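2 protein chains.
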Amino acid sequence: MKGATIWFTGLPCSGKTTIADRVYNILKEKGYRVERLDGDIIRKSPISRDLGFSKEDRRKNLERVAFIAKLLSRNDVIVLATFVSPYNDIRRDIRDIIGADRFHLIWTRCPVEVCIERDVKGMYKKALAGEIKNFTGVDDPFEEPTDPPADLILDTDKEEVEESVEKVLAFMKGRGIID
Amino acid sequence: MKGATIWFTGLPCSGKTTIADRVYNILKEKGYRVERLDGDIIRKSPISRDLGFSKEDRRKNLERVAFIAKLLSRNDVIVLATFVSPYNDIRRDIRDIIGADRFHLIWTRCPVEVCIERDVKGMYKKALAGEIKNFTGVDDPFEEPTDPPADLILDTDKEEVEESVEKVLAFMKGRGIID
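Residue numbers (my numbering), protein chains in the order written: chain Z, 984 to 1162; chain G, 984 to 1162.
Hints are computed from structural coordinates only; laboratory data are not their basis. One thing to keep in mind: the hints can contain errors.
Same chains, same names: a pair is fine if it fits in one copy or spans any two.
Unchecked claim - No more than 27 Å apart at the CA atoms, straight line, and that leaves these computed lysine-lysine pairs for BS3-like:
(1) Lys-1013 - Lys-1116
(2) Lys-1116 - Lys-1156
(3) Lys-1038 - Lys-985
(4) Lys-1116 - Lys-1011
(5) Lys-1108 - Lys-1150
(6) Lys-1027 - Lys-1043
(7) Lys-1108 - Lys-1156
(8) Lys-1027 - Lys-1116
(9) Lys-1011 - Lys-985
(10) Lys-1027 - Lys-1038
(11) Lys-1027 - Lys-1108
(12) Lys-1038 - Lys-1116
(13) Lys-1013 - Lys-985
(14) Lys-1109 - Lys-985
(15) Lys-1027 - Lys-1141
(16) Lys-1013 - Lys-1109
(17) Lys-1109 - Lys-1156
(18) Lys-1108 - Lys-1011
(19) Lys-1109 - Lys-1027
(20) Lys-1038 - Lys-1141
(21) Lys-1038 - Lys-1013
From a predicted model like this one, the values you see are computed outputs, not experimental measurements.
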């Protein structure tokens, strides 16, 4: 194995966490050193619990996560990071912090209508009611990954979770990250 | 090997960085996964570059470092962390964040007069002239490690650097961190 950061980008409720958690469990069971980084973990931790959700604070949060992902992946740990990370420029920053050779971008592509229907945490409902501002997919854009482009696209409105998981594992094998 | 955090505490210029850098080079050369965390690295990074040197900000800085040390050491990385970390209560917090089983405290014990004489970066001079406030050893106390106690004490005013380095390596062997 070699260390790497698999960075999942996509709309809220597009499937990032579900797929990454499943991949995590499979790799962990096989004995890989693997770490999950996501908003729920990081924003409750000393790393980012002082940050809010302004554009500036969201950027700071992602840069801190990227720095941690760099330290882990250069020490042979596989990092599965799941963050909306909606802009090309922030994804470029993340790639540059981690290092392009260890950064792999996966896009969970899913129409916003499908995400709104899933609405796991009821956040879209609040955003559509105007109770939350700057919510990606509602009143803040999700820029499709073009620069850097996605290394792998998962069409989570069409694929079953297990299908997406298999694609991620095959991708990681292809890149020599796992055996 | 197993992951662990070796946390060096001690006055500015008491030898933390010199010793940890030397240990790092030796372990790196032997092929260990090892990472250095210190103020110069972390305060220039996205992790803490927004922090100042107030008591509150120093605490935040150390808690962020401890969180990163936890992630690294639970993934079989050896972390060599060098921070003044002058109070027992903050060292307790650090231990609790990392987990007591992976936290090892080394105290570079050196009389402040000797540290002032060394004054590698001219910081003591500035603090003594009143240009820097809350400088440990001048107008802010260094609490001797009692709770938690130091797992290893290095008397850096009496020992040569290589002697201290050998003690650290022997300590790590004794704890099963290295072979």
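Evaluated hints:
1. Lys-1013 - Lys-1116: For Lys-1013 and Lys-1116, neither the intra-copy (42 Å) nor the inter-copy (52 Å) Cα distance is at most 27 Å.
2. Lys-1116 - Lys-1156: The answer is neither: 40 Å in one copy and 54 Å across copies each exceed 27 Å.
3. Lys-1038 - Lys-985: neither (33 Å within a copy, 39 Å between copies)
4. Lys-1116 - Lys-1011: Answer is neither: 37 Å inside a copy and 48 Å across each miss the 27 Å cutoff.
5. Lys-1108 - Lys-1150: Classified as neither; 31 Å inside a copy, 60 Å across copies.
6. Lys-1027 - Lys-1043: Answer is both; intra-copy 15 Å and inter-copy 13 Å each pass.
7. Lys-1108 - Lys-1156: Neither way: Lys-1108 and Lys-1156 sit 39 Å apart in one copy and 56 Å across, limit 27 Å.
8. Lys-1027 - Lys-1116: within (21 Å within a copy, 31 Å between copies)
9. Lys-1011 - Lys-985: both (15 Å within a copy, 17 Å between copies)
10. Lys-1027 - Lys-1038: Both, since 19 Å and 21 Å are each at most 27 Å.
11. Lys-1027 - Lys-1108: For Lys-1027 and Lys-1108, the Cα distance is within 27 Å only inside one copy (23 Å; across copies 40 Å).
12. Lys-1038 - Lys-1116: Answer is within: at 11 Å inside a copy they meet the 27 Å cutoff, but 34 Å across does not.
13. Lys-1013 - Lys-985: For Lys-1013 and Lys-985, the Cα distance is within 27 Å both inside one copy (14 Å) and across copies (18 Å).
14. Lys-1109 - Lys-985: neither (41 Å within a copy, 46 Å between copies)
15. Lys-1027 - Lys-1141: So Lys-1027 and Lys-1141 fail the 27 Å test inside a copy (33 Å) and across (44 Å) alike.
16. Lys-1013 - Lys-1109: neither (40 Å within a copy, 55 Å between copies)
17. Lys-1109 - Lys-1156: Cα proximity of Lys-1109 and Lys-1156: none, with 40 Å in one copy and 55 Å across.
18. Lys-1108 - Lys-1011: Neither way: Lys-1108 and Lys-1011 sit 35 Å apart in one copy and 52 Å across, limit 27 Å.
19. Lys-1109 - Lys-1027: within (21 Å within a copy, 38 Å between copies)
20. Lys-1038 - Lys-1141: neither (31 Å within a copy, 53 Å between copies)
21. Lys-1038 - Lys-1013: Cα proximity of Lys-1038 and Lys-1013: none, with 38 Å in one copy and 44 Å across.
The structure fails to meet hints 1, 2, 3, 4, 5, 7, 14, 15, 16, 17, 18, 20 and 21 from the earlier list, while all remaining hints are met.
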